[in-house]
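**Q** Going down the list, the sequences are from chains A and B.
Mapping to my numbering: the first sequence position 26 is 26, numbers consecutive.
Mapping to my numbering: the second sequence position 108 is 108, numbers consecutive.
Rather than coming from a laboratory, the hints here were simulated on the basis of the structure.
None of these values were measured; they are calculated from a predicted model.
Take these hints with a grain of salt, some might be off.
[Unchecked claim] For lysine to any residue, the following SDA-like pairs were computed, each having C-alpha atoms within a straight-line distance of at most 25 Å:
id, chain 1, residue 1, chain 2, residue 2
1, B, Lys100, A, Leu88
2, A, Lys57, A, Pro8
3, A, Lys57, A, Arg9
4, B, Lys105, A, Gly28
5, A, Lys57, B, Ser26
6, B, Lys42, A, Ile12
7, B, Lys42, A, Glu75
8, A, Lys57, B, Lys100
9, A, Lys57, B, Tyr32
10, B, Lys68, A, Ala2
11, B, Lys100, A, Phe50
12, B, Lys71, A, Gly28
13, B, Lys100, A, Ile12
14, B, Lys42, B, Lys71
15, B, Lys71, A, Thr53
16, A, Lys57, B, Ser30
17, B, Lys100, B, Ile47
18, B, Lys105, A, Thr53
19, B, Lys105, A, Ala2
20, B, Lys42, A, Gln44
21, B, Lys71, A, Asn56
22, B, Lys71, B, Phe103
23, B, Lys42, A, Gln41
24, B, Lys42, A, Thr109
25, B, Lys100, A, Arg55
26, A, Lys57, B, Ile50
27, A, Lys57, B, Lys56
28, B, Lys42, A, Gly28
29, B, Lys56, B, Tyr32
Here is how the chains run, residue by residue.
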Amino acid sequence: KAGVTQTPRYLIKTRGQQVTLSCSPISGHRSVSWYQQTPGQGLQFLFEYFSETQRNKGNFPGRFSGRQFSNSRSEMNVSTLELGDSALYLCASSSVGYEQYFGPGTRLTVT
Amino acid sequence: GESVGLHLPTLSVQEGDNSIINCAYSNSASDYFIWYKQESGKGPQFIIDIRSNMDKRQGQRVTVLLNKTVKHLSLQIAATQPGDSAVYFCAENSGGSNYKLTFGKGTLLTVNP
Chain A
1 KAGVTQTPRY
11 LIKTRGQQVT
21 LSCSPISGHR
31 SVSWYQQTPG
41 QGLQFLFEYF
51 SETQRNKGNF
61 PGRFSGRQFS
71 NSRSEMNVST
81 LELGDSALYL
91 CASSSVGYEQ
101 YFGPGTRLTV
111 T
Chain B
1 GESVGLHLPT
11 LSVQEGDNSI
21 INCAYSNSAS
31 DYFIWYKQES
41 GKGPQFIIDI
51 RSNMDKRQGQ
61 RVTVLLNKTV
71 KHLSLQIAAT
81 QPGDSAVYFC
91 AENSGGSNYK
101 LTFGKGTLLT
111 VNP
């Protein structure tokens, strides 16, 4: 089975721009979660989607949003980028139960 | 204010020794715990999990111990190998029936050949 895939793997954006990241979960997995990883804050939960509905949300500003499509693929969007948004953005998918499988991440650099 | 880098706890062991990585979790209501391994440039990789109704679970070369009284988790790696060198994270699910993992700060394990 193919693992979780994330595109693009690397991205450089300028402050004020917006960005969309994509995640394709493992086939059959209906839950997709997003995390932000930075040296300063570690791994932090952004949100989780199941069957196209956001079930859980972390403590991030409204500039961070996401969605899930009927095929379980998910996107997250960050608007009005700030320097502090530079991070590794990780997507994880789950089937039944709590075990989450992570993708390789998208490295976002904001200049 | 300006964020500072996390100062990861580090553990350095000799190849072949056993390693013990510790983690204190925050939410007494968390019902599920996972250990992840993250190598440089990669996403976290699932190692082993344990539910709150258990206090020990064994996998291949790894054992997780859960002490709910003091909210403590440990990961034991037997016969540590150079390929085990990575950052290890514990995570707790605090979202009930939904997924919301809260990660610890991580421990950097270095295995010396």
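**Q** All the hints need checking, so say for each whether the structure fits it.
**A** Verification of the hints:
Simply put, Lys100 of chain B and Leu88 of chain A have alpha-carbon atoms about 18 Å apart, close enough for the 25 Å limit, and the pair holds. A threshold of 25 Å between alpha carbons decides the hint, and for Lys57 of chain A with Pro8 of chain A the separation of about 23 Å falls inside it, so the pair holds. Taken as a hint, the Lys57 of chain A and Arg9 of chain A pair is honoured in the structure, with Cα atoms around 24 Å apart against an allowance of 25 Å. A C-alpha spacing of about 31 Å is found between Lys105 of chain B and Gly28 of chain A, which places the hinted pair above 25 Å, so the restraint is violated.
Pair hint Lys57 of chain A plus Ser26 of chain B holds up; C-alpha atoms about 18 Å apart against a cutoff of 25 Å. Restraint check: the Cα-Cα separation between Lys42 of chain B and Ile12 of chain A comes to about 19 Å, which is no more than 25 Å; the hinted pair holds. For a cut-off of 25 Å, the pair hint linking Lys42 of chain B to Glu75 of chain A stands: about 20 Å separates their Cα positions. For the given pair, Lys57 of chain A sits about 8 Å from Lys100 of chain B by alpha-carbon distance, which is consistent with the 25 Å threshold.
With a CA separation close to 18 Å, the supplied pair Lys57 of chain A and Tyr32 of chain B stays within the 25 Å bound. Between Lys68 of chain B and Ala2 of chain A, the direct Cα distance comes to roughly 36 Å. Violation of the 25 Å bound is thereby established for this hinted pair. Our distance criterion of 25 Å between C-alpha atoms is met by Lys100 of chain B and Phe50 of chain A, whose separation comes to about 12 Å. The hinted pair formed by Lys71 of chain B and Gly28 of chain A fails the criterion: a straight-line CA distance of about 34 Å is larger than 25 Å.
For the proposed pair Lys100 of chain B and Ile12 of chain A, the alpha carbon gap of about 28 Å is over 25 Å, so the pair is violated. The hinted pair formed by Lys42 of chain B and Lys71 of chain B fails the criterion: a straight-line CA distance of about 29 Å is larger than 25 Å. Restraint check: the Cα-Cα separation between Lys71 of chain B and Thr53 of chain A comes to about 32 Å, which exceeds 25 Å; the hinted pair is violated. For a cut-off of 25 Å, the pair hint linking Lys57 of chain A to Ser30 of chain B stands: about 17 Å separates their Cα positions.
Distance restraint check for Lys100 of chain B and Ile47 of chain B: the Cα-Cα separation of roughly 18 Å lies within the 25 Å cut-off, and the hinted pair is therefore satisfied. Between Lys105 of chain B and Thr53 of chain A the CA atoms are separated by roughly 29 Å; this puts the pair beyond 25 Å, and the hint is violated. For the hint linking Lys105 of chain B to Ala2 of chain A, the alpha-carbon distance of about 29 Å lies beyond 25 Å, and the restraint is violated. Under the criterion of a C-alpha separation no larger than 25 Å, the hint pairing Lys42 of chain B with Gln44 of chain A is consistent with the structure, at around 16 Å.
For the given pair, Lys71 of chain B sits about 24 Å from Asn56 of chain A by alpha-carbon distance, which is consistent with the 25 Å threshold. Restraint check for Lys71 of chain B and Phe103 of chain B: satisfied, since their Cα atoms lie roughly 14 Å apart, inside the 25 Å limit. For the given pair, Lys42 of chain B sits about 18 Å from Gln41 of chain A by alpha-carbon distance, which is consistent with the 25 Å threshold. At roughly 17 Å between alpha-carbon atoms, Lys42 of chain B and Thr109 of chain A fall within 25 Å of each other, so this suggested pair holds.
Between Lys100 of chain B and Arg55 of chain A, the direct Cα distance comes to roughly 9 Å. Compliance with the 25 Å bound is thereby established for this hinted pair. Between Lys57 of chain A and Ile50 of chain B the CA atoms are separated by roughly 24 Å; this keeps the pair inside 25 Å, and the hint holds. Distance check on the hinted pair: Lys57 of chain A and Lys56 of chain B sit about 31 Å apart at the alpha-carbon level, beyond 25 Å; violated. A hinted pair counts as satisfied when its Cα atoms are at most 25 Å apart, and Lys42 of chain B with Gly28 of chain A qualifies at roughly 23 Å.
A threshold of 25 Å between alpha carbons decides the hint, and for Lys56 of chain B with Tyr32 of chain B the separation of about 13 Å falls inside it, so the pair holds.
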